[in-house]
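Chemist: Given next are the chains, with one letter for each unit.
2 protein chains.
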Amino acid sequence: MKAEVFLTSSTVTEDDVKGRTVIVIDVLRASSTIATALNNWARAIVPVADTGSATKIASNLDQSGYLLGGERGGIKIQGYHLGNSPLEYTQEAIEGRTIIFTTTNGTVAISRARGAEHLIVGSFLNAQRVVDFVRQIGLDVTIICAGWRNRVSLEDTLCAGLLLHRLWDGREPDLVSDSAHIAFSQYVHDQHNLDAALRRSNQAQWLMANGYADDVDYCLQTDVLPVLPYYKENRLVLYKEYEQASVL
Amino acid sequence: MKAEVFLTSSTVTEDDVKGRTVIVIDVLRASSTIATALNNWARAIVPVADTGSATKIASNLDQSGYLLGGERGGIKIQGYHLGNSPLEYTQEAIEGRTIIFTTTNGTVAISRARGAEHLIVGSFLNAQRVVDFVRQIGLDVTIICAGWRNRVSLEDTLCAGLLLHRLWDGREPDLVSDSAHIAFSQYVHDQHNLDAALRRSNQAQWLMANGYADDVDYCLQTDVLPVLPYYKENRLVLYKEYEQASVL
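Keeping their order, the protein sequence lines are chains C and H. The opening position of the first sequence corresponds to residue 26 in this note's numbering, with each subsequent residue numbered one higher. The opening position of the second sequence corresponds to residue 26 in this note's numbering, with each subsequent residue numbered one higher.
It should be emphasised that the hints constitute simulated quantities derived from the structure, not laboratory data. Note that the structure is a prediction, hence the values are computed from the model and not measured. Please note that a few of the clues may not be correct.
One copy or two, either will do: identical chains are not told apart, so a pair holds if it fits within one copy or between any two.
[Unchecked claim] With a straight-line cut-off of 25 Å between C-alpha atoms, the simulated SDA-like cross-links for lysine to any residue are: (1) K27 / N235; (2) K81 / R225; (3) K43 / E142; (4) K27 / M233; (5) K27 / A221; (6) K27 / H214; (7) K81 / N235; (8) K27 / R174; (9) K43 / N175; (10) K27 / R224; (11) K43 / R176; (12) K43 / W231; (13) K27 / W231; (14) K27 / A234; (15) K27 / Q230; (16) K27 / R225; (17) K81 / V213; (18) K43 / D87; (19) K43 / N64; (20) K27 / A222; (21) K43 / G98; (22) K43 / Q88; (23) K81 / H214.
Sequences and hints are given; from them, build the entire structure.
Modeler: Have a look at this one:
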């Protein structure tokens, strides 16, 4: 199994994802929110790259069935039911509903990876579940970090590094891509002070300064949600093991 | 002095470079070639982003005064006098000549940084000269890694990390940008096996596989050229200490 990493999604092409298992990571906060929403029994998340598409999709749905969620510049979009804080996505708020979801970086990255053989969403919250799935499927893997406005984000890079560290059993193969080497090395460098390293990331600093410190505490937990958001027919749903035969 | 790093040049805007000392790095090979050419008494390097601009500039010059140099996809451009191998830029070949120079990544990065207060070109070859200049000038510094087709390159990231390590006297400040943290950590991670780390970079591997192993050996030397390529009036020239008063 080969592993490739994109530290931002800006250059991802169809060829980069075709025939591969692709993991999209946006730790703060889209990936963490998606995992949380599915864990709290949202019916599905429809990730869209822009608000225009969100409105269009919503106009075709029964109003009682969906919620609009997302942010621009970290702030809830005007008129939306929900922002991008995972803590808003409680069972009470979302159970049985479809979330039409658009964020600055995460859902853009997902939309760039739609042509993947398997497209899943990863975060610290569901890291081990992601690793188990990738191992089980056995295809080459591409990890796409959402980053921040086409720049590298430390928290996404570290999450990619953690996944590689587990997939490679702690030992980097001889020749990997520069991006994979950087993500792996970054994790090795910071692994014993991971929480502190993550908290100094620019996005964590912004969230803490803008009233979202609880989101940061929440999103930096590792392996607390055993859910796998799986992209199927334009939406993210919980991957169900019993569907495996037909998926493969 | 604050330090910012761009791991690729793709998102650099005018605001990112304005009022700052900007270092553009393309270790393999544009930065190294530029430093070498000036060390071997080229009159100037005119860096241009595309071949169309190169042809246009050449058409206004006396044919005996200039040489066309550069590459696309690593290969010398058809009809050009020189490619992008620093070893071609001997004193015999270039002394007194102006080089019109265009490469896939490096000269594009330089063109994006033209609005800087001071724009210089850095590589392992002239690393300490760059550090000394930045310290002497005392302005905030922006390091722009050229990368490779808008993706991160290990060798540029490590060179940026080396510069930061020296500028920060080996100790990372409390809060820096994610990109600066990544470049610094990468250098710390690889510093005791720097040559081996650099040789496993994708670009070094490509060059070694395509007959340019000598270029790799040459470009990975540290502090062997005490030259400072300085951008002034659309060209890179040797920075002259005695001009300092007027530059500052």
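Chemist: May I ask which of the numbered hints given earlier this structure violates, with the numbers listed in increasing order?
Modeler: Checked against the structure, the hints that fail are numbers 2, 7, 17, 18, 19, 22, 23, while the rest are satisfied.
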